[in-house]
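Participant: Residues per chain are reported as follows:
Protein chains: 2
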Amino acid sequence: MNIGLDMMGGDFSPLETVRGVQLYLKESTSSTLLWLVGDENQIRPLLQEYAIPAESVRIVHASQVIEMNEHPTKALKEKQQSSIAIGYRLLAAGKMDAFISAGNTGAMLVGALYGLKPIEGIQRPTISTVLPKENGKTGVLLDVGLNADCKPENLHQFAILGSLYAQHILGIPQPRVGLLNIGEEEGKGNILTQAAYPLLKAESRIHFIGNIEGRDLLIDKADVMVCEGFTGNVILKLAESLHGIARNQKIDSEYFDRFDFEYYGGTPLLGVTKPVIIGHGISKSRSFLNMFRLAQKMLETDLLGKMKELFLS
Amino acid sequence: MNIGLDMMGGDFSPLETVRGVQLYLKESTSSTLLWLVGDENQIRPLLQEYAIPAESVRIVHASQVIEMNEHPTKALKEKQQSSIAIGYRLLAAGKMDAFISAGNTGAMLVGALYGLKPIEGIQRPTISTVLPKENGKTGVLLDVGLNADCKPENLHQFAILGSLYAQHILGIPQPRVGLLNIGEEEGKGNILTQAAYPLLKAESRIHFIGNIEGRDLLIDKADVMVCEGFTGNVILKLAESLHGIARNQKIDSEYFDRFDFEYYGGTPLLGVTKPVIIGHGISKSRSFLNMFRLAQKMLETDLLGKMKELFLS
Numbered sequence: 001m002n003i004g005l006d007m008m009g010g011d012f013s014p015l016e017t018v019r020g021v022q023l024y025l026k027e028s029t030s031s032t033l034l035w036l037v038g039d040e041n042q043i044r045p046l047l048q049e050y051a052i053p054a055e056s057v058r059i060v061h062a063s064q065v066i067e068m069n070e071h072p073t074k075a076l077k078e079k080q081q082s083s084i085a086i087g088y089r090l091l092a093a094g095k096m097d098a099f100i101s102a103g104n105t106g107a108m109l110v111g112a113l114y115g116l117k118p119i120e121g122i123q124r125p126t127i128s129t130v131l132p133k134e135n136g137k138t139g140v141l142l143d144v145g146l147n148a149d150c151k152p153e154n155l156h157q158f159a160i161l162g163s164l165y166a167q168h169i170l171g172i173p174q175p176r177v178g179l180l181n182i183g184e185e186e187g188k189g190n191i192l193t194q195a196a197y198p199l200l201k202a203e204s205r206i207h208f209i210g211n212i213e214g215r216d217l218l219i220d221k222a223d224v225m226v227c228e229g230f231t232g233n234v235i236l237k238l239a240e241s242l243h244g245i246a247r248n249q250k251i252d253s254e255y256f257d258r259f260d261f262e263y264y265g266g267t268p269l270l271g272v273t274k275p276v277i278i279g280h281g282i283s284k285s286r287s288f289l290n291m292f293r294l295a296q297k298m299l300e301t302d303l304l305g306k307m308k309e310l311f312l313s
Numbered sequence: 001m002n003i004g005l006d007m008m009g010g011d012f013s014p015l016e017t018v019r020g021v022q023l024y025l026k027e028s029t030s031s032t033l034l035w036l037v038g039d040e041n042q043i044r045p046l047l048q049e050y051a052i053p054a055e056s057v058r059i060v061h062a063s064q065v066i067e068m069n070e071h072p073t074k075a076l077k078e079k080q081q082s083s084i085a086i087g088y089r090l091l092a093a094g095k096m097d098a099f100i101s102a103g104n105t106g107a108m109l110v111g112a113l114y115g116l117k118p119i120e121g122i123q124r125p126t127i128s129t130v131l132p133k134e135n136g137k138t139g140v141l142l143d144v145g146l147n148a149d150c151k152p153e154n155l156h157q158f159a160i161l162g163s164l165y166a167q168h169i170l171g172i173p174q175p176r177v178g179l180l181n182i183g184e185e186e187g188k189g190n191i192l193t194q195a196a197y198p199l200l201k202a203e204s205r206i207h208f209i210g211n212i213e214g215r216d217l218l219i220d221k222a223d224v225m226v227c228e229g230f231t232g233n234v235i236l237k238l239a240e241s242l243h244g245i246a247r248n249q250k251i252d253s254e255y256f257d258r259f260d261f262e263y264y265g266g267t268p269l270l271g272v273t274k275p276v277i278i279g280h281g282i283s284k285s286r287s288f289l290n291m292f293r294l295a296q297k298m299l300e301t302d303l304l305g306k307m308k309e310l311f312l313s
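Keeping their order, the protein sequence lines are chains F and R.
Per the working numbering, the first sequence runs over residues 1 to 313.
Per the working numbering, the second sequence runs over residues 1 to 313.
Source of the hints: derived by calculation from the structure; they are not laboratory data.
All values derive from a computational prediction rather than experimental measurement.
Please note that a few of the clues may not be correct.
Stated by the list, open to error - With a straight-line cut-off of 27 Å between C-alpha atoms, the simulated DSS-like cross-links for lysine-lysine are: (1) R:284 / F:237; (2) F:237 / R:201; (3) F:308 / F:201; (4) R:250 / F:133; (5) R:74 / F:237; (6) R:133 / F:250; (7) F:221 / R:237.
Sequences and hints are given; from them, build the entire structure.
Facilitator: Take a look at the structure:
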């Protein structure tokens with residue numbers, strides 16, 4: 001398989017991207033070829049320094065970089081030679097099978113929405129996060145910010161996408177899908193969740209367990225937690241902050257350590273035709289390693305093929 | 001002043017309500033008369049057992065109780081002799097100056113919305129919660145569930161109500177008001193927050209500091225955090241769950257202890273013409289003490305008078 005990485009993405013690139021490549025190649029037993037997109041002059045010496053085997057990587061020069069604070073659409077249009085723009089072209093052309101970047105999140109999203117197609121039948125691609133459960137397990141929350149305003153059908157589709165992700169990537173055989181809401185009983189909620197509930201209830205392709213509430217997010221009640229992107233993004237950022245708070249409070253806790261989102265690598269963009277993984281700006285080598293692992297797993301399990309199949313059926 | 005308490009409200013009543021009365025009367029130096037509404041046969045022996053001075057309380061017999069799981073509107077209509085129904089009648093008649101209950105939350109809200117008037121100019125009353133800040137301070141989050149779907153003008157009014165509450169009850173001279181959003185810059189967000197931002201920005205009666213994000217909720221960035229009731233309720237319940245999680249994880253932390261919402265007593269219903277405080281079902285004596293303190297403070301500072309004034313101007 002061919003996995004592409006934006007070598008210039010993230011606050012600590014290209015040093016940490018190179019170190020991530022090193023970690024991944026050390027452990028990988030698959031015949032993966034890594035496509036490294038970025039400024040050749042910066043990358044080559046580092047690849048040498050970190051003794052990256054030449055046969056495992058293909059360097060693709062990119063003379064431009066989209067900076068973190070640039071306007072996504074404008075930057076993508078104007079910087080055709082940026083690592084993100086080139087990466088998406090290679091992905092669309094089928095040279096790469098997956099593309100990873102910890103660069104400008106907006107540009108990664110815009111690039112995917114314009115450069116790739118949504119899976120047939122999917123109205124709105126989505127991004128998710130994993131949430132550490134108090135008992136050691138892990139759940140998926142989606143959407144976490146790509147879709148700030150949603151229709152009931154969007155939540156319905158997120159439920160299916162999240163369920164497939166939990167099943168194939170997290171290895172949960174029959175994921176319990178919960179609708180994030182402000183009351184337990186059917187009929188509770190705002191206009192959106194009241195309308196989404198019957199759609200989820202009638203959906204035979206998921207195991208819907210009903211409404212869940214804020215108090216259930218960190219306990220092992222649902223494996224897939226569905227909401228619109230506004231609430232999801234607030235939860236994601238609140239959850240991310242818990243790690244720093246625990247550290248500031250000098251709390252030594254394995255549980256709150258798991259809120260260090262660096263640990264999880266990046267979030268996949270679900271609903272587009274190719275695997276795209278978007279990393280945190282603060283990604284370090286371990287995050288890139290985890291993003292490579294995720295891309296590999298998405299390809300090995302043919303997650304997107306399964307999504308296509310389900311949405312055609 | 002005359003403060004009323006629903007003696008039958010809460011999972012541990014009337015024992016814990018009586019114990020709360022005892023705690024409050026012990027510390028109170030004001031000439032407060034407590035109106036205790038509930039089943040006389042249950043209350044009288046307990047008042048005697050806890051040596052509550054007869055001159056400090058007035059017992060109002062209520063032959064019915066609205067149970068926690070009853071349908072609010074139906075129960076209020078059918079149980080005219082319930083402690084909540086009687087309490088609201090006494091409040092509306094001016095016998096009591098404030099009314100406290102840890103009973104059926106829905107019934108408390110319905111009772112207030114039908115039995116009391118909203119303050120002139122206020123479209124939607126709101127409920128708030130306090131959130132412990134990581135540096136020891138405290139902020140106000142609102143709405144936390146009364147208004148699951150909001151218009152921009154509702155958020156605008158919540159900002160003003162929350163600001164007055166922070167100023168007079170929490171003692172913060174010029175409360176920083178933040179709009180909870182999914183991006184820092186003006187123009188970010190969902191349809192609601194994009195439309196609410198300019199209203200808050202143009203509002204001279206508050207100190208608006210712009211957007212805040214999920215990561216800012218527990219740090220000392222804004223004193224008043226404004227959102228619609230769906231997201232607010234999810235945050236409230238997630239925050240409440242942190243205390244139990246920390247305890248389960250055997251984390252000994254003063255900070256996470258502050259997420260024990262019993263500590264704060266109840267939440268005031270803001271925007272109606274009289275002080276109404278709604279307690280948690282699990283309220284114990286200390287919660288009732290704190291609710292008495294809050295009612296007293298709301299009366300002493302004439303918070304509602306200040307709200308009326310501001311909305312008339």
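Participant: Within a Cα-Cα threshold of 27 Å, do residue 284 of chain R and residue 237 of chain F meet the stated pairing?
Facilitator: violated, 33 Å
Participant: Do the alpha carbons of residue 74 of chain R and residue 237 of chain F lie within 27 Å of each other, as the hint requires?
Facilitator: violated, 40 Å
Participant: Could you grab the alpha-carbon distance between residue 221 of chain F and residue 237 of chain R and see if it respects the 27 Å cut-off?
Facilitator: Distance ~14 Å between residue 221 of chain F and residue 237 of chain R Cα, so the pair holds.
Participant: Is the Cα-Cα distance between residue 250 of chain R and residue 133 of chain F 27 Å or less?
Facilitator: holds, 15 Å
Participant: Is the Cα-Cα distance between residue 308 of chain F and residue 201 of chain F 27 Å or less?
Facilitator: holds, 22 Å
Participant: Hint check: residue 133 of chain R vs residue 250 of chain F, CA-CA at most 27 Å. Holds or violated?
Facilitator: holds, 15 Å
Participant: Take a quick look at whether residue 237 of chain F and residue 201 of chain R sit within 27 Å of each other, Cα to Cα.
Facilitator: holds, 24 Å
When held up to the earlier numbered hints, the structure conflicts with 1, 5 and fits the remainder.
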